[in-house]
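In order, the protein sequences belong to chains X and E.
Per the numbering used here, the first sequence runs over residues 9 to 321.
Per the numbering used here, the second sequence runs over residues 1140 to 1721.
Note that these hints are calculated values from the structure, not bench results.
Cβ atoms here follow ideal geometry from the backbone N, Cα and C, with glycine treated the same way.
Hints may be right or wrong, so weigh each one.
Examples of chain X residues toward chain E, derived with CB under 10 Å [said to hold, decoys possible]:
id	residue
1	Asp29
2	Glu212
3	Tyr213
4	Gly221
5	Thr226
6	Asn235
7	Arg277
8	Asn280
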Amino acid sequence: MTEDKNPITLLDYFGQMRDSDLWFSFTRSPVIVASACVTLLYLIVTIFAPLIAPHDPFDLASIDLLDASLPPFWMDDGELRFILGTDDQGRDILSTIIYGSRISLFVGFASVIFSLILGVGLGLISGYVGGRLDAFIMRVADVQLSFPAILIALLVDGLARTLLPREHHDEVALYVLVFAIGISGWVQYARTVRGQTLVEKGKEYVQAARVIGIRKWTILLRHILPNVTGPVLVIATIHLAIAIITEATLSFLGVGVPPTTPSLGTLIRIGNDFLFSGEWWITIFPGVALVLLVLAVNLLGDWLRDALNPKLR
Amino acid sequence: MTKLTLLQINNLEIEFPSRKSVLRAVDNVSLSLEKGDILGIVGESGAGKSTVGNALIGLLEPPGQMTKGEIFLDGNRIDNLPDSEKQKIRGKEIGMIFQDPLTSLNPLQTIEDQLVETINLHLGLGENGARERAVELLDQVGIPDPDVRVKQYPHQFSGGMRQRVVVALALCAEPNLIIADEPTTALDVSIQAQILDLMRGLCKEKQVGMVIITHDMGVIADITDRVAVMYRGRLVEHGATEKILGNPDHPYTQSLISAVPRPDIKLIRFPQVTYIEDVAEKNTEIDITEHWLGKAREYETAPGPLVELKNIGMRFTTKPAFLRKNRIFLDAVNNVSLDIHEGEVFGLVGESGSGKSTVARIICGLYTPVSGAINFAGTELTALKKQSDLDPFRKQMQMIFQDPYSSLNPRMRVLDIVAEPILFHQLAETRREVEIIVKDLLEHVGLGAQSAVKYPHEFSGGQRQRISIARALATRPRFLICDEPTSALDVSIQAQILNLLKDLQEELGLTMLFISHDLPVIRQMCDRVGVMKDGFLCEMKETEVLFENPEHEYTQHLLNLMPRLEGLSLEGLDMQPQPNQN
Chain X
9 MTEDKNPITL LDYFGQMRDS DLWFSFTRSP VIVASACVTL LYLIVTIFAP LIAPHDPFDL
69 ASIDLLDASL PPFWMDDGEL RFILGTDDQG RDILSTIIYG SRISLFVGFA SVIFSLILGV
129 GLGLISGYVG GRLDAFIMRV ADVQLSFPAI LIALLVDGLA RTLLPREHHD EVALYVLVFA
189 IGISGWVQYA RTVRGQTLVE KGKEYVQAAR VIGIRKWTIL LRHILPNVTG PVLVIATIHL
249 AIAIITEATL SFLGVGVPPT TPSLGTLIRI GNDFLFSGEW WITIFPGVAL VLLVLAVNLL
309 GDWLRDALNP KLR
Chain E
1140 MTKLTLLQIN NLEIEFPSRK SVLRAVDNVS LSLEKGDILG IVGESGAGKS TVGNALIGLL
1200 EPPGQMTKGE IFLDGNRIDN LPDSEKQKIR GKEIGMIFQD PLTSLNPLQT IEDQLVETIN
1260 LHLGLGENGA RERAVELLDQ VGIPDPDVRV KQYPHQFSGG MRQRVVVALA LCAEPNLIIA
1320 DEPTTALDVS IQAQILDLMR GLCKEKQVGM VIITHDMGVI ADITDRVAVM YRGRLVEHGA
1380 TEKILGNPDH PYTQSLISAV PRPDIKLIRF PQVTYIEDVA EKNTEIDITE HWLGKAREYE
1440 TAPGPLVELK NIGMRFTTKP AFLRKNRIFL DAVNNVSLDI HEGEVFGLVG ESGSGKSTVA
1500 RIICGLYTPV SGAINFAGTE LTALKKQSDL DPFRKQMQMI FQDPYSSLNP RMRVLDIVAE
1560 PILFHQLAET RREVEIIVKD LLEHVGLGAQ SAVKYPHEFS GGQRQRISIA RALATRPRFL
1620 ICDEPTSALD VSIQAQILNL LKDLQEELGL TMLFISHDLP VIRQMCDRVG VMKDGFLCEM
1680 KETEVLFENP EHEYTQHLLN LMPRLEGLSL EGLDMQPQPN QN
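Same shape as in the complex, but just chain E (with noise of 0.2 Å):
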């Protein structure tokens, strides 16, 4: 061998067993990583790479065991040696950066304190040698004024500011390797690039070798030299991370990588992916102008937009106090004015924060706002008091949340879930009628009619989110307010609902609220695009020009940050039309 490899992986295998079966969550996994390489392990959640993460720094979560396969590090085998061993190994040759800097540090000591201890631990270099190479690292990180703030604590400290802490609690016992696991998920987009350039640096200038896990294609073309995509605990691919994105191999891959929404161009749909959980063939096609569905759609149009804010103003009270002057609020929304007309999907991009999710909230009456106006289809709703004002309101415009998990009941069976709006609203005669309109939404979205006697457990991220969906259609709307619909799924998954969402809002000429942090998502799926910082909205556009020609300072930093994502595989897109190309 020319160069010493650093870290090699040997067919590894890891079983969790449980009561009723073994789990085989990584199976045959070889890799290697060389001095001053950056590689990258990519995946689906539940695909297995956190567990080749832990294994490798040997801190697998009980009762999971490693069955098969050698781990070597500067050629020495270490996965059989004993914990003690395993204990020295971590921090002075392997160092790690976890997903959440809220939790990775310990609240209740200084960050020199927590510096100075890895450092004494590993390196010996006496008190004041410690804390002098404590200041040097924080420098290297780049947090400015390393004296004064070394001797803080890390609530004192923003979110990024924290990981880059981690970075450096990582670096400190000059290890030849770091294991980041997800090391930026829990960030804001723009903080996101800063730590990623960070860490590409020092690994660079160090030569450290690093492996990176992440679900996010962005942070992969961002950083990586190579990739390995794992898929249900195979390795299906591993190579360059040019030649992976741009030519991928394994038709998993190549699925995958057609998923991820594009910042550069507009899909009209995204393709059929495959090698996913199994959607229920629609054996029977709903013919809308017939069914439930489509019929009393006939909505009274009043001139101008469909929703109208006016001005509108929402303030939380932060702190409680009796007197009014020592009360604290929080300006959430300020001064938002905005239309959306009949039949456009909107989009509203932020960062966390920004206010956006609130106006979400408060059109749909879940907040009454401080100030302003909400017209809906010509009436205000927000001179309407009674609750049975609201009701023909309410039945109008539905919303889809963000997190799966939290949006059913869970004590409630599907058919309850989706059948609540329809008996609610009296939208359908008999019992019996309800029952077969939710079944027909159930397949509608794509779930089998059989999935009404289940309860929310019983289905996945994605599917759930379909439950969510057929929910809101249950009362028939014309407006849908979609809350980060896709946030907390896997790519392929967001795919399939965004073309889901897509196609409803075709076929019942549905008007739309896309409410995202994702900038090429909004470029997806938005005709209309506002975007809002601190409460504010900076700027309101048609969604291609706002792209091209971003003209709010802050809409051209965040399209800045945006990942590029060049590169990527062309093949099989169904491209929208450009406009200079007809």
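Pulled out of the complex, with its shape left as it was, chain X reads as follows (with noise of 0.2 Å):
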């Protein structure tokens, strides 16, 4: 028997990407090129968090009243210890952006992939399966979008609070945001996903692994899944950006994360308070950190969506 004459190796694969059209678009864009080095940096620097950040904002022993409310470095008193200027209780504001931003992505993301699956899930069922329960999961999707997602966090995040004994809140808070967030991100990729299946479902290809006898989770997970993802990661990257500003909003408004690990929005609550007494940095950088993230992750899901999309090339 002949041996594989051209196995697929890895390099092959990047080879392929290099010549995709997908790459061509992605480097003829200046903006995106620089979003996406924008997200990858806030990538890095969050997950590598410890080693970057020049303090430790949670380490009580290392904060010092005496640094309290110091301004930047480039105005007078500022010292480049501190190159953003520390906070009311003398922690680096760069080391807690840094940090918080840490908190946020993680937030982001675990949302995201919460609703994705549940989402992805529902949708398919919904899709393939048909009938009454197809009618029940979109109807139940319906009467969610008639309200806020951000009504939804809260009302969920409120729920969590009532029932959870207070000392065990704190720490939980992060997960109890995580499932609010995700809970109410679920319809946009079950209506996505469960129309796409819809059309993949009539195609011969799954009619021809029926005619097989494949048993119908098979095909769910082998044959339409594969082929629904694209729209679905557009949706995600869009979503992450919706999720970041979620979690912000409600920790601005007090029911996220707790202040002991602040998170961006946690951080812009904070300095609000101290905003018309003079000290603004406290709470612009955080600000600032946040849009320049929300910024790029949201270009890089526009374009993504653009150049998936070969009807709007």
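Relying on the hints, combine the two individually framed chains into one complex.
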């Protein structure tokens, strides 16, 4: 028997990628390259936060109240030790931003993954099984769509607060937040996947698999799922930006992560109190960090949607 | 010149620049057309025939551009006019008829509005004059009660009637030239004949020149005076229709014509077609008696037919409702009984919507019939409810689908696609063995073993259909259902696929159900034929008997509409000996 003359290697795979239209359209747009770099920078900095951050803002021993409310280094009284200044408790702003972005990104990714799994799963089942189950799932989705996402997140958070004992609340707050944001976002995935599933279900390769005798769930997972993921990735990218914003909003309102492990939203809220007493840097710098991150992710998502949709080209 | 040339194309060259290379879609094409003449441009997909048509009316899709050549209409050069001038020519001087009557009319306007708009734009007859003219035009294209129907919307017309309206629309500014791009491809045979008659009549009566672009030799034979044959952007042959069809000079035209399925005689095989996509040479002939493919073929033979349908009925809900009495159903199959014997090829023929595909899907278990029973090799399949009980039978029957572009999962490699049935039914011991079997199968259907690592999008339509066939063979079936396996393919590739199916059928002793709307193809492939209309089986007979002596009214009607293709070259054909000559 003849051996494979050209087995696919990883190298071929990258070669294919460099050759693809997606890579071409990526390199053609400097804005997109820039936002990809910004996103990548955020990821690296937050993953290696303990190595990169100049101070550990949670280490009480290293915090000195004498350093409180120092301005950024280029202003009078500013010190080079605290490049972006310190907050009212003497914590380095740059370090809190790095650790805060870490929490923001974690909540963003985790909640996107949560809604993705929930939404894709329900969408697949809804589209493939059809009938009453489909009608039920889609009506639930419709009902949920008539509330703003932030309201649902607030509701879930409120429920968790009343149901869970107070002393445990801080420990699970982060996960409650992930659940709250995740549950408010699944509808979009479910609707897209359901529509796509209906299209793919009618195609002849699915019928061919049924003629072979392959069972429903295998068809769903092996044949239909890989063919509906394209639009899902695009929604996920755009959803990531929304999730980060939602988390920041909730934290700003004081129902998000506890102040002991501040996220970007918490930092903005804390700084907000000092805005009128002249210490603008406490709130402005986390705000800028949030805007930059969300803008970069959003631009990437928009570009991905256009690049993957041949109708818009 | 004694007669003024209506249309003159000199050395036309059209290029489509892309990111990596420049595609020359049309290369050095020169044509001319007189008033009242009908010129056919024929070729297979990708030959550049539609591109020529679009260039004539100045509607090339960007980034396509004319890089060379001249187009003259009535002695005036039109290809270098500014866009605003070209716009005036379109409609006024040149009328267009497009392929799909569903999309070439505006669904939100009445027929009258659409006709009046165009008439006013080009003729300036005034509101009332234009309305009268609209009614007159509908009458000319053979629409009954034109003064009533002119007030209606496109959805109130049937497909054929709509195409008549499109013809009227093309005629309404009294153009000198009409370009028709596949005008009847979307229509059923019976309607196709009417529309072609109408177009030919109008052309001769009004002395309008017509360019008709098609892939269908039947249309060419029916309507055109002269033919131009295109192959990969080049004009290979050009001349009078009878000459080209009856005695072609160029080898491409010869092979193209020999690949057209004959309505009149049955061939043993289609002639080996040259000038087409490369098919990998079989480097290792598989000995069926030794090979995996030939093993475990000793199915128990039950007395009687292999497949037996008893009074099968199928209905679809077209309007669901909570209360049963409010639901609306469509009876797709009504009381159909037929039997297919071991080793024969049974054909099902009918127009679209006649229920023939539904019958195929019922047999292989994709639909559950509402009434009746299916027997396969003596076992009643409709009585089996559990999936696992059905598996041994699923293994024995496989299906080849119509659309080669949707019948393969685009995210799976060919190896995995063909291996799936083998793995599911556990027909081989090891993964390694499966891989060898798949590669052998791919070689057997005329694809190289190296195609196993590729993805479906890397193959052409005909090659994909070969992959489908390999997948169907991978369960070692005894019964193969082919649902319009070649209707999406070009004629030369159709001939190859039909040859392959014939070979496999003989070699493996397969029983086949062959479904098609194309009577000549049915005649070439089948031993017995059933004719379906509106969910009923009208007639069921031996193929040759049916074609020579159709009994049922509808069968006679269908056979009458079949393009005759008289005068086609018979050179190099492998004919079945006629019974009376023996």
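Minimum beta-carbon distance criterion (10 Å), threonine 226 of chain X to chain E: Given a least distance of 8 Å, the restraint on threonine 226 of chain X holds.
Interface hint for arginine 277 of chain X, Cβ within 10 Å of any Cβ on chain E: violated (46 Å)
Chain E contact restraint on glycine 221 of chain X - CB to CB distance below 10 Å: Where the cut-off is 10 Å and the nearest Cβ of chain E is about 4 Å from glycine 221 of chain X, the hint holds.
Hint check: 10 Å Cβ-Cβ cutoff, tyrosine 213 of chain X to chain E: holds (5 Å)
Satisfaction of the asparagine 280 of chain X interface hint, Cβ to chain E closer than 10 Å: violated (49 Å)
Minimum beta-carbon distance criterion (10 Å), glutamate 212 of chain X to chain E: holds (4 Å)
Hinted contact asparagine 235 of chain X with chain E - closest CB pair below 10 Å: holds (6 Å)
Evaluation of the interface hint that places aspartate 29 of chain X against chain E, nearest CB under 10 Å: Hint holds; aspartate 29 of chain X Cβ to chain E Cβ min 8 Å, cut 10 Å.
Checked against the numbered hints listed earlier, the structure breaks hints 7 and 8; every other hint is satisfied.
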